[in-house]
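> Okay, here's what each chain looks like letter by letter:
There are 2 protein chains.
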Amino acid sequence: MIDSKQKILSSKTVFKAKLFNVSEDLILSNEKEYHFATVHIHPTVCILPITPKGEIYLIKQFRYLLEGTVLGAIAGFIDEGETSLQAAKRELKEEAGIEAAQWELLAKTVVMRSVVHHVVNIFLAKDLEITKQNLQDEEEIEVVKMPISEAVEKVMSGEIYHSSSMTAILMLDKLRQEKRL
Amino acid sequence: MIDSKQKILSSKTVFKAKLFNVSEDLILSNEKEYHFATVHIHPTVCILPITPKGEIYLIKQFRYLLEGTVLGAIAGFIDEGETSLQAAKRELKEEAGIEAAQWELLAKTVVMRSVVHHVVNIFLAKDLEITKQNLQDEEEIEVVKMPISEAVEKVMSGEIYHSSSMTAILMLDKLRQEKRL
Numbered sequence: 001m002i003d004s005k006q007k008i009l010s011s012k013t014v015f016k017a018k019l020f021n022v023s024e025d026l027i028l029s030n031e032k033e034y035h036f037a038t039v040h041i042h043p044t045v046c047i048l049p050i051t052p053k054g055e056i057y058l059i060k061q062f063r064y065l066l067e068g069t070v071l072g073a074i075a076g077f078i079d080e081g082e083t084s085l086q087a088a089k090r091e092l093k094e095e096a097g098i099e100a101a102q103w104e105l106l107a108k109t110v111v112m113r114s115v116v117h118h119v120v121n122i123f124l125a126k127d128l129e130i131t132k133q134n135l136q137d138e139e140e141i142e143v144v145k146m147p148i149s150e151a152v153e154k155v156m157s158g159e160i161y162h163s164s165s166m167t168a169i170l171m172l173d174k175l176r177q178e179k180r181l
Numbered sequence: 182m183i184d185s186k187q188k189i190l191s192s193k194t195v196f197k198a199k200l201f202n203v204s205e206d207l208i209l210s211n212e213k214e215y216h217f218a219t220v221h222i223h224p225t226v227c228i229l230p231i232t233p234k235g236e237i238y239l240i241k242q243f244r245y246l247l248e249g250t251v252l253g254a255i256a257g258f259i260d261e262g263e264t265s266l267q268a269a270k271r272e273l274k275e276e277a278g279i280e281a282a283q284w285e286l287l288a289k290t291v292v293m294r295s296v297v298h299h300v301v302n303i304f305l306a307k308d309l310e311i312t313k314q315n316l317q318d319e320e321e322i323e324v325v326k327m328p329i330s331e332a333v334e335k336v337m338s339g340e341i342y343h344s345s346s347m348t349a350i351l352m353l354d355k356l357r358q359e360k361r362l
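So the protein sequences, as listed, match chains W and B.
Each residue of the first sequence is one higher than the one before, starting from 1 at the first, in my numbering.
Each residue of the second sequence is one higher than the one before, starting from 182 at the first, in my numbering.
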């Protein structure tokens, strides 16, 4: 039953913004036709820089969409022409003033399975060099260093509630437990 | 510096769909004005039903946005007039044919911190009774039972790559390790 796949009969862009498009899709499923509006958001990167002592750097930033200051992982959109790794290196330098010599793609995730298509590439950065932040005009970012165990507690207690940050921290914790880091 | 907050000067809806709206926001930040387009998506629930043996039920479903069959947690949109718990109970019954006597809100998460506002309420369901699926017309869902440890492996290997499903599974694993389940 799972194999009688849905088929996209047509898809047209009905709204365009700088970082996303909205499309109206006509889908054939079980011999019936359905209309769905979907949002296609430019991909992002999310970075966890880790020190040899098992501390990570997170950021605190005011987010008007969430009506408050939010603690979570360093992240940002991949620019035109950039690879995800290039974007991760740029964002880590810009937002946290950190350069890293060792990089690993921890996971390539999607934030939803319907309605929104958005890919988040989660990177681990090691062998760190602390330099200077290089923020964009509208950005105000505080860098916070803490042991992974403390970040995990903040995930479990709900203080860190951004999904990709939660996933990244819990995956990192799991890798350390299994001595795979 | 982190306290000089951004202020929303105006926000107007520029596109409406069944499950989301798009707005154009004018933001004051550091005494400069910025325009941002943002997507406001109806909230969802994500449910992990767990057996006394430490097994969980996941679902496999074809997702045309992701161009394939995707393994992950049971989930769905909260209907008009429903609480998140009512939606979780309804989706668990509809998608997996399961009723649960014990419910716990594991986390209230957001999938992005800018551009998209979308809340996912992650529930844990215990004391299960297996009944019959009640799928909507366009849905084809296969229910899969596996030990939590196997689900965690699938998260770490990238086979489970939906962010909220990953978060839910890793949080559940953590709770079990800490005997807080």
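Because the hints were derived from the structure by calculation, they are not lab data.
There could be a bad hint or two in this list.
To be verified - Straight-line alpha carbon distances no greater than 25 angstroms define the calculated DSS-like cross-link-like pairs of lysine-lysine that follow:
| no. | chain 1 | residue 1 | chain 2 | residue 2 |
| --- | --- | --- | --- | --- |
| 1 | B | LYS326 | B | LYS270 |
| 2 | W | LYS145 | B | LYS355 |
| 3 | W | LYS126 | W | LYS174 |
| 4 | W | LYS154 | W | LYS53 |
| 5 | B | LYS234 | W | LYS60 |
| 6 | B | LYS197 | W | LYS18 |
| 7 | W | LYS32 | B | LYS234 |
| 8 | W | LYS154 | B | LYS193 |
| 9 | B | LYS355 | W | LYS53 |
| 10 | W | LYS12 | B | LYS197 |
| 11 | B | LYS355 | W | LYS132 |
| 12 | W | LYS53 | W | LYS32 |
| 13 | W | LYS108 | W | LYS132 |
| 14 | W | LYS179 | B | LYS335 |
| 15 | B | LYS234 | W | LYS174 |
| 16 | W | LYS179 | W | LYS132 |
| 17 | B | LYS188 | W | LYS18 |
| 18 | B | LYS197 | B | LYS241 |
| 19 | W | LYS174 | B | LYS270 |
| 20 | W | LYS108 | B | LYS241 |
| 21 | B | LYS213 | W | LYS93 |
| 22 | B | LYS335 | B | LYS360 |
| 23 | B | LYS355 | W | LYS108 |
| 24 | B | LYS234 | B | LYS186 |
| 25 | W | LYS53 | W | LYS18 |
| 26 | B | LYS270 | B | LYS289 |
| 27 | W | LYS108 | B | LYS188 |
| 28 | B | LYS193 | W | LYS12 |
| 29 | B | LYS360 | W | LYS154 |
| 30 | B | LYS274 | W | LYS5 |
| 31 | B | LYS289 | B | LYS213 |
| 32 | B | LYS274 | W | LYS179 |
| 33 | B | LYS360 | W | LYS32 |
| 34 | B | LYS355 | W | LYS179 |
| 35 | W | LYS174 | B | LYS186 |
| 36 | B | LYS213 | B | LYS270 |
| 37 | B | LYS199 | W | LYS174 |
| 38 | B | LYS193 | W | LYS174 |
Computed from a predicted model, the values in this text were never measured in an experiment.
> Would you mind marking each hint as holding or not holding in the structure?
Evaluated hints:
1. B:LYS326 with B:LYS270: holds, 18 angstroms
2. W:LYS145 with B:LYS355: Since the Cα atoms of LYS145 of chain W and LYS355 of chain B sit roughly 22 angstroms apart, the hinted pair holds (cutoff 25 angstroms).
3. W:LYS126 with W:LYS174: holds, 17 angstroms
4. W:LYS154 with W:LYS53: Holds - the C-alpha atoms of LYS53 of chain W and LYS154 of chain W are around 19 angstroms apart, at most 25 angstroms.
5. B:LYS234 with W:LYS60: violated, 40 angstroms
6. B:LYS197 with W:LYS18: Between LYS197 of chain B and LYS18 of chain W the Cα gap is close to 18 angstroms, so the pair holds against 25 angstroms.
7. W:LYS32 with B:LYS234: Violated: LYS32 of chain W and LYS234 of chain B sit about 40 angstroms apart, past 25 angstroms.
8. W:LYS154 with B:LYS193: violated, 35 angstroms
9. B:LYS355 with W:LYS53: holds, 22 angstroms
10. W:LYS12 with B:LYS197: Roughly 16 angstroms separates the two Cα atoms, so the pair holds.
11. B:LYS355 with W:LYS132: The hint is violated at about 35 angstroms.
12. W:LYS53 with W:LYS32: violated, 57 angstroms
13. W:LYS108 with W:LYS132: violated, 28 angstroms
14. W:LYS179 with B:LYS335: holds, 18 angstroms
15. B:LYS234 with W:LYS174: holds, 22 angstroms
16. W:LYS179 with W:LYS132: With Cα atoms ~32 angstroms apart, LYS179 of chain W and LYS132 of chain W exceed 25 angstroms; violated.
17. B:LYS188 with W:LYS18: The hint holds at about 21 angstroms.
18. B:LYS197 with B:LYS241: Answer violated: LYS197 of chain B to LYS241 of chain B is near 30 angstroms, above 25 angstroms.
19. W:LYS174 with B:LYS270: violated, 30 angstroms
20. W:LYS108 with B:LYS241: holds, 19 angstroms
21. B:LYS213 with W:LYS93: holds, 24 angstroms
22. B:LYS335 with B:LYS360: Given pair LYS335 of chain B, LYS360 of chain B holds - Cα atoms ~22 angstroms apart, limit 25 angstroms.
23. B:LYS355 with W:LYS108: holds, 22 angstroms
24. B:LYS234 with B:LYS186: violated, 48 angstroms
25. W:LYS53 with W:LYS18: violated, 40 angstroms
26. B:LYS270 with B:LYS289: holds, 16 angstroms
27. W:LYS108 with B:LYS188: Measuring from Cα to Cα gives roughly 33 angstroms; hence the hint is violated.
28. B:LYS193 with W:LYS12: Answer holds: LYS193 of chain B to LYS12 of chain W is near 23 angstroms, not above 25 angstroms.
29. B:LYS360 with W:LYS154: holds, 18 angstroms
30. B:LYS274 with W:LYS5: Answer holds: LYS274 of chain B to LYS5 of chain W is near 23 angstroms, not above 25 angstroms.
31. B:LYS289 with B:LYS213: violated, 33 angstroms
32. B:LYS274 with W:LYS179: Violated, because 39 angstroms separates the two Cα atoms, which is more than 25 angstroms.
33. B:LYS360 with W:LYS32: Violated - the C-alpha atoms of LYS32 of chain W and LYS360 of chain B are around 48 angstroms apart, more than 25 angstroms.
34. B:LYS355 with W:LYS179: Within the cut-off at roughly 16 angstroms; holds.
35. W:LYS174 with B:LYS186: This hinted pair is violated, its Cα atoms lying about 35 angstroms apart.
36. B:LYS213 with B:LYS270: violated, 46 angstroms
37. B:LYS199 with W:LYS174: violated, 39 angstroms
38. B:LYS193 with W:LYS174: Violated, at about 43 angstroms.
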